[in-house]
Amino acid sequence: MLGRIHFLNTGHSDCIILESQGKIAMIDAAEDTEYPPNKPHLNLKGYEDQVVDYLLKNFSDSEGKVNIEFVMGTHAHSDHIGGFDTVINHPDINVKTAYLKPYHEENIFFYERKSWDNVEVYTQMLDAIKANSVELIESFDRQKVKLGDFEIEFLNGTYRKRRIKFGENINSAVAVVKIGKYKSVLAGDLNYKDGDEKRLAPQIGKVDLLKVGHHGYVGSTSAFWIKSLMPKYAIVCNWSKAIYPDVRLKLEHISKSQIIATADVNGAIVEFSDNSIDIKTDIM
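So in numbering that gives the first Met the number 0, the last spot in the sequence shown is 283, and the numbers never skip.
No wet-lab data here; the hints were simulated from the structure. Every residue gets a Cβ at the ideal spot worked out from N, C-alpha and C, and that includes glycine. Watch out, some of these pointers could steer you wrong.
As the list claims (entries may be wrong) - Simulated pairs of lysine-lysine, DSBU-like, Cα-Cα distance not exceeding 35 Å:
hint, residue 1, residue 2
1, K205, K255
2, K197, K44
3, K160, K192
4, K22, K231
Unchecked claim - Label-pair restraints from in silico Cβ distances:
hint, residue 1, residue 2, range
5, I282, K205, 40 to 48 Å
6, N37, E105, 30 to 38 Å
7, D281, E104, 33 to 41 Å
The task is simple: from the sequences and hints, build the whole structure.
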């Protein structure tokens, strides 16, 4: 076996673990339970304890320690990086490198700045990185790294100011993972509002697996994106009933993808071998 990609069941938030040849990495760490006192509407179900338990149960060494080669926070939303401060600060988890673009609140539109805790979760992750002497890389567009048999390339990994103030999803980084003859794309919350799907799709080409952007909600997964990537498998970090009808239509009728909603199947592990892709569910 070449490796596995673990898609944890964290409701409608993202937590993905890459595993190959005894090495692991994390992309996003799911929603957390913390919220600013002045924003009680953000008292959401958090998953940081489940994420830590999954790491300790499945990846501890003989001394009970978990060693993570790198973490990557796709963008400064709590349903993606909220749990990272808990992971990085845990005494039995060692993170070597963190990929995290800067967050610039002044470039985000007013409603999101008022309603969400982007600043808080970004600051918490950054503080944890510094407190634990984790190497921080803030600009990583087109950077390539190896993880066992995985070849990983980051896209949209350098901060750039947009002409129009959008939400933070516009800044979502993407990971392209090559495993033998297979290719997967972990799209974070990438969307098409400023042409990013159209810009990146030709660089990526056809893929075998797509982690669908923005949990299957409207604003991501354009027809151009799907026609370019044509994934056989579409993993959605959400419940199936929450997938936007237009997104489902494109996946079912353009690419004819097999759709797997992680919250419906209690998480999924995708195993890559030389000549096959196998999916196991009910992992948590």
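Hint by hint, here is what the structure shows:
1. With a CA separation close to 14 Å, the supplied pair K205 and K255 stays within the 35 Å bound.
2. Using a Cα cut-off of 35 Å, the hinted pair K197 and K44 holds, with the two alpha carbons roughly 34 Å apart.
3. Taken as a hint, the K160 and K192 pair is honoured in the structure, with Cα atoms around 14 Å apart against an allowance of 35 Å.
4. With a C-alpha separation of about 26 Å, the suggested pairing of K22 with K231 holds against the 35 Å cut-off.
5. At roughly 27 Å, the beta carbons of I282 and K205 sit outside the given window of 40 to 48 Å.
6. The supplied range of 30 to 38 Å is broken by N37 and E105, whose beta-carbon atoms lie about 19 Å from each other.
7. Against the hinted window of 33 to 41 Å, the Cβ-Cβ separation of D281 and E104 comes to about 40 Å, which satisfies the hint.
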